[in-house]
Amino acid sequence: MQALLYMTPAGTPSPKMLERFLSHHGVECLDVEVKCLRTVTSFSDSSNNEGLITACLLLVCQSACALPSFALDLHDVLAAQHSN
Amino acid sequence: MGDKSAFDVALLQNLQIGKTRRKTAGTSSVKPVGKSAAGAPTANRRSGRTQTEQDILRHVQGSVLQKFCTLCGCLNIDPMRPQILSLVVILLSRHAQRIEITREFLLRERCNATLVTWDTAEDLDFLQQKVSSTSDWSLLLRYIFFELTDAARAELGAHPVLCALASPRATPRSSLRCRPCCT
Numbered sequence: 001m002q003a004l005l006y007m008t009p010a011g012t013p014s015p016k017m018l019e020r021f022l023s024h025h026g027v028e029c030l031d032v033e034v035k036c037l038r039t040v041t042s043f044s045d046s047s048n049n050e051g052l053i054t055a056c057l058l059l060v061c062q063s064a065c066a067l068p069s070f071a072l073d074l075h076d077v078l079a080a081q082h083s084n
Numbered sequence: 001m002g003d004k005s006a007f008d009v010a011l012l013q014n015l016q017i018g019k020t021r022r023k024t025a026g027t028s029s030v031k032p033v034g035k036s037a038a039g040a041p042t043a044n045r046r047s048g049r050t051q052t053e054q055d056i057l058r059h060v061q062g063s064v065l066q067k068f069c070t071l072c073g074c075l076n077i078d079p080m081r082p083q084i085l086s087l088v089v090i091l092l093s094r095h096a097q098r099i100e101i102t103r104e105f106l107l108r109e110r111c112n113a114t115l116v117t118w119d120t121a122e123d124l125d126f127l128q129q130k131v132s133s134t135s136d137w138s139l140l141l142r143y144i145f146f147e148l149t150d151a152a153r154a155e156l157g158a159h160p161v162l163c164a165l166a167s168p169r170a171t172p173r174s175s176l177r178c179r180p181c182c183t
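Protein chains in written order, with the working numbering: chain P, 1 to 84; chain S, 1 to 183.
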């Protein structure tokens, strides 16, 4: 699910984002660039149904939550902005 | 001619002296550090480096979150509201129907109070100027985790889109190694 979110943002290369996702989760493999590229290509080829993708993205985003540290870090940033 | 060659030699000597001076100065300035570093425990140097790395990471993190706040400001949404991260992910997604998906998401989440500036939201190029790089997104997406009921887990687990992504056709799972458990 998180991999799907990593591949979602516009203007970012999906294979590179998938690589970042794997790296973040401590997954190591040989030729990771090639494998991520193949995975994204295969995924794009197999999922042409926009309606299904939309439904899936909605479900995934509804289940997604931000870590408590997100609010804390944002609070710090906003406080620093206000103090400046 | 003789004067000129004498001048050149003098210039060359000056340059050599300059080089030597620079080198000497560099060496002398490094030496005390080396001496003190040799005396200091290695752990101190490591912790210093780690501290610097942490400072850099914190700075980058702050910068990305600042961009996120600016983006939220442009969209007239409060960055502190729950589900805003998901909302931003949908709004800046590569899907053609991203505006419709966002509206549906807000309806499902009952976020009627969230008044998105839709004119701005429709301008994807403008939004991408705020947050677009791989590292920015990577940092933001790291904050996301999933809270799933058993039913939702089953539904998502059987979803054809996720099954297609998890298909081992392209990347065999056996070729993936997890750092903590594998050597």
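Treat the hints as calculated values from the structure; they're not laboratory data.
Built from N, CA and C at the ideal position, the CB exists for glycine as well.
Watch out, some of these pointers could steer you wrong.
As the list claims (entries may be wrong) - Partial chain P-side listing against chain S, Cβ under 10 Å, derived:
| # | residue |
| --- | --- |
| 1 | 3 |
| 2 | 6 |
| 3 | 9 |
| 4 | 13 |
| 5 | 20 |
| 6 | 42 |
| 7 | 53 |
Hints and how they fare:
1. A distance limit of 10 Å between C-beta atoms decides the matter here; for residue 3 of chain P the minimum to chain S is near 6 Å, and the interface restraint holds.
2. A cut of 10 Å between beta carbons decides the hint on residue 6 of chain P: the least distance to chain S is about 6 Å, and the hint holds.
3. The interface hint given for residue 9 of chain P is met, as the beta carbon of that residue sits about 5 Å from the closest beta carbon of chain S, less than 10 Å.
4. Because the closest C-beta pair between residue 13 of chain P and chain S is about 7 Å apart, less than 10 Å, the hint holds.
5. Below 10 Å, beta-carbon pairs count as interface contacts, and residue 20 of chain P has one with chain S at about 4 Å; its hint therefore holds.
6. Interface hint at residue 42 of chain P: satisfied, since its Cβ lies 4 Å from the closest Cβ of chain S, which is below the 10 Å cut-off.
7. Among the interface hints, the one on residue 53 of chain P holds; its C-beta lies about 6 Å from the nearest C-beta in chain S, closer than the 10 Å criterion.
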